Structures are given as structure tokens and as C-alpha cells.
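2 protein chains.
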Amino acid sequence: MELFYAYEVAGGMCLLDAEESGHCVRVLRHRTGDEIDVIDGLGTLYHCALADDSAKGASARVLSCVPGFGAHPYRLTIGCCPTKNNDRFEWFVEKATEVGVDEIVPLIGDRSERKVYKTERAGRIALSATKQSLKARIPKIAEPVSVKDFLRGSGGTGGTGGTAIMADIPGGDRAPLRLIAYCFEDESVPRRSIKEVLETFDGTDVTILIGPEGDFSPEEARLALAQGYIPVHLGSSRLRTETAAVTAATAVYLRYL
Amino acid sequence: MELFYAYEVAGGMCLLDAEESGHCVRVLRHRTGDEIDVIDGLGTLYHCALADDSAKGASARVLSCVPGFGAHPYRLTIGCCPTKNNDRFEWFVEKATEVGVDEIVPLIGDRSERKVYKTERAGRIALSATKQSLKARIPKIAEPVSVKDFLRGSGGTGGTGGTAIMADIPGGDRAPLRLIAYCFEDESVPRRSIKEVLETFDGTDVTILIGPEGDFSPEEARLALAQGYIPVHLGSSRLRTETAAVTAATAVYLRYL
Chain A
1 MELFYAYEVA GGMCLLDAEE SGHCVRVLRH RTGDEIDVID GLGTLYHCAL ADDSAKGASA
61 RVLSCVPGFG AHPYRLTIGC CPTKNNDRFE WFVEKATEVG VDEIVPLIGD RSERKVYKTE
121 RAGRIALSAT KQSLKARIPK IAEPVSVKDF LRGSGGTGGT GGTAIMADIP GGDRAPLRLI
181 AYCFEDESVP RRSIKEVLET FDGTDVTILI GPEGDFSPEE ARLALAQGYI PVHLGSSRLR
241 TETAAVTAAT AVYLRYL
Chain B
1 MELFYAYEVA GGMCLLDAEE SGHCVRVLRH RTGDEIDVID GLGTLYHCAL ADDSAKGASA
61 RVLSCVPGFG AHPYRLTIGC CPTKNNDRFE WFVEKATEVG VDEIVPLIGD RSERKVYKTE
121 RAGRIALSAT KQSLKARIPK IAEPVSVKDF LRGSGGTGGT GGTAIMADIP GGDRAPLRLI
181 AYCFEDESVP RRSIKEVLET FDGTDVTILI GPEGDFSPEE ARLALAQGYI PVHLGSSRLR
241 TETAAVTAAT AVYLRYL
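Chains as they are written, first to last, in our numbering: chain A, 1 to 257; chain B, 1 to 257.
Read the hints as simulated data drawn from the structure, not as lab findings. Only a predicted model underlies this, so the values are computations on that prediction, with no experimental measurement involved. Fair warning: there could be bad hints in the mix.
Put simply, identical chains are the same to the list, so a pair is met inside one copy or across any two.
As the list claims (entries may be wrong) - Think about it this way: if two alpha-carbon atoms lie no more than 25 Å apart in a straight line, the pair counts; the simulated DMTMM-like pairs of lysine to aspartate or glutamate are:
no. : residue 1 : residue 2
1   : LYS118    : GLU213
2   : LYS118    : ASP87
3   : LYS84     : GLU2
4   : LYS115    : GLU103
Go ahead and model the full structure; you've got the sequences and the hints to work with.
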């Protein structure tokens, strides 16, 4: 099954941009009349008939649609500090998208080695991984924001969750779960495992923060706790930032399996 | 904490090869008398004093040791078909090592696009990830074997598990769990989720088979079931081969968290 992305769906027509059109018409040689599957990136799959097989700007007429195609029964926001090596963060974006994530917020921490992050490539990777894993909703890649500003409520949709989405999810009305994976080297703060905390949570809106290679600063951790974030650990293995982020996403995915 | 790998530990001395010695002496500028931490790749950490700071072949005297350093409470073998793109399989090797795996068996399936696999690079990646994630046991990278030969008991340590290791693990004496993640497109075979099967398992010796991009062949699947493998699914997301393998490793890791 091959999915195409429509940048606009209106009047019963799905419009493909130059890249998607080229792939559909030039590479896969689809012609007017061929039936294709198109996603709007917002959660709906459209089964269509190709109406205009222009390789620069193809369009397809909607025959039927499947709302919530490939959707998961939770809403997950992962705030993660981009790694020094960009490939590692992009790998996390791809894998988290395959497993199932709704929003990724690049966080700039006090100890982040990478203080600047451009989201364009991550957006393309998220689109590609969404199509590859047969989902219709592309995770949002938020603009980078400092850990402290994110905790204060700006940046990303944070906890607020997007009512439109949450309304569709059983338990979406319950209080959200806010977790911070923090090493707390001094161990002054007792932590439970992410698995234990997820299993005792009866809602579906989860936000998880993953720090940079040098971990969150004590100030960031204190602010998170003050904002109601629950400190969790991911087990005894020392995981790289991007591995911790994917492990956290997988823990949520498995929780709702 | 920086770990070095000793290719040999004998007579109270740890011997480092040229690469490890160069990293220890030339890069990190350790000198005779410095205390360093060395792993034997078999599960033991040795706290040592550098005895010979030769950048070509350094040696260190053992001061104390920690058996089972960074060990996990299960024994996991993952048989996975190498991906067409080698980077993806190597990424799985790195991530599974960080999370915790004991043996990786490159499987050549009837539908594998990659029929040949060289294990040398994967071995280096496993060593590097073992040190990076603060473990003392390097996962074994078995020689490639066909899916059918593996199922017939040749290749890897398969289910047999390595008594020496299992003796150290509670539940290691119980019957092993054999799982095959197979799409069973025809759906003729009922599958349970890997999470459900793991939660009802009271042992600690787990083997999981992950097929190639084109999935296992019906013959391979039939042979697996005949050999007592339990068919499982990894949830509704369509995961790439390497993502499925890491998700399976993470499911086991979280099961014993």
C-alpha cells in the first residue's frame, strides 16, 4: 500500500505538491483514472481516483475516506533536547513516528550542546515515516523552545493536548500525565519506572521530557517538579538521549497495546 | 565513567589492544598508575591501575572487580534479517545493545533482499555501544544463518541459552520462550501481542525472530510454529524491520523492569 500526501483537500479533491506528484506520476507511473490512497496529514485517509496526472501538480477525486486511519489510542508529546549529532535526533523522529507520537518538541536545555535546531528536515522525515508506517496523521514538529519556557507553558501544545484530537480519544478528558526522565545524579528525588507510572495512569494524554547528553540542569528539574512533572527512570541501562526518547515512546505504545 | 575493553584478562592483568590502548593513552592521556575501568566483554568490570601506558599495547593491574556489571535480569536472543540498507541493521545492533540484548543472529530468509551479511562492523558497534551504555557483557553477534537452519537448531546459541549465563539469572532454569513476529497476511493464524505473551511468561530466556522487509515465507512460518514458536504481533503500527527488532527488545527490557 502506497500513500501520498495532499497539502490540501477541498471540494472533494486532493491536491499533491510537486514532490508527491512527481513520485506518483513519474516514478510510479500512475495515470488519470488510477485509484490511489492519499492522506491529509491530519488523520484521514482518502481513497481517490487520479483526476489530473500532471507530474508537477497532480490532483485526485475523493471516492471514500477513512478518518483516524492508523491512529493510536493515546496522545503523546515528547519534548527532547536535540543531540549534538543531528542524525541521532532525526533517527528518533523517524522511529517515534513509526511507533506512534503526536508532537515532538525540540527542547534547548541549559546543558544542551546544540542550542539551535532547524525543524525542516525533521518535518520531512516525519512525513516520510508517517506514510511508510501507514498512518494518516503526521506528528507535529514544534519550533525549538527552551526547557524552562516549555515548562512555563509556551512552546508546543505542551499539556493542553489539542481538544479536537483528545475529544476522539477515550480518556482524553482525564488529567494529563507529565513525566520527566531525569537522572537526578544526586538521587535526592525518588523516581519510579516509566512503566510503573504508565500502568497506574488511566488517561491517554502523556507528555515526556528527555534531557540532553548532560541531563537537565537542577534548575530545570526543580521547575519541572514544581509544574507537576513526575520524575521517572527508564531502567538501569544508560541510554543515549535519542534511545531514551524512543524507549519512552515505545513504553507508551506498549502501555496502550 | 569511561570503560576500556580488555581482549584478555590473566594473572591479575588486563591487556588492551592497540585501538583501546591508543584511546586510553594517546587520546585520554592516561599514564602508568592512573586508575581505569576495564571490561572483559563477558560480564565483569575490573577496576585497575594502569601498569604499562604503551599506546600500542597497554596493560592494567586489577585492583577489584564487579561481576555482572550492567547486567539485565533476562537472556534475550534476537534473530533478525539484515535490512537492505546496512545502516538500519547496524542501528538496531547499537540500540538493542544499549537497551539490553545477549545475542543477535543475522537471519537470511527466503524473502531476504540481503543474502550475505558480514558481522565485523556489527561486532565493533556492539562493543562501542556496550561501553557507552556502561555494560560489561558484549552481545554476541552470531554468524549469519538461514531462517530454516536456525529453526532446526543450528546457528547462534538459539534457544539453548548458555548455561553459564542462565545459571546466574532467576528463572533461567524455566522453559524458554520462543516468539516469531510474523505478519501472517492471510491472518489464518491467531496472534497475541508480544506484551501479553511476555507478561504471562515466568521465565527469563527469550528468543524473538524478526523477518525481512518482505516478511517470513509461509514455509518459514510453518516451520517456526512446528518448532514451538509463538506467533506475536507488535501492535497496529507497521514498523520497519529494524524498528520492529528494537521494539521487541524494548518490550522485553520493559517486561523485566
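Structure-based check of each hint:
no.	hint	result
1	LYS118 with GLU213	within (19 Å within a copy, 32 Å between copies)
2	LYS118 with ASP87	both (13 Å within a copy, 24 Å between copies)
3	LYS84 with GLU2	between (34 Å within a copy, 19 Å between copies)
4	LYS115 with GLU103	within (20 Å within a copy, 38 Å between copies)
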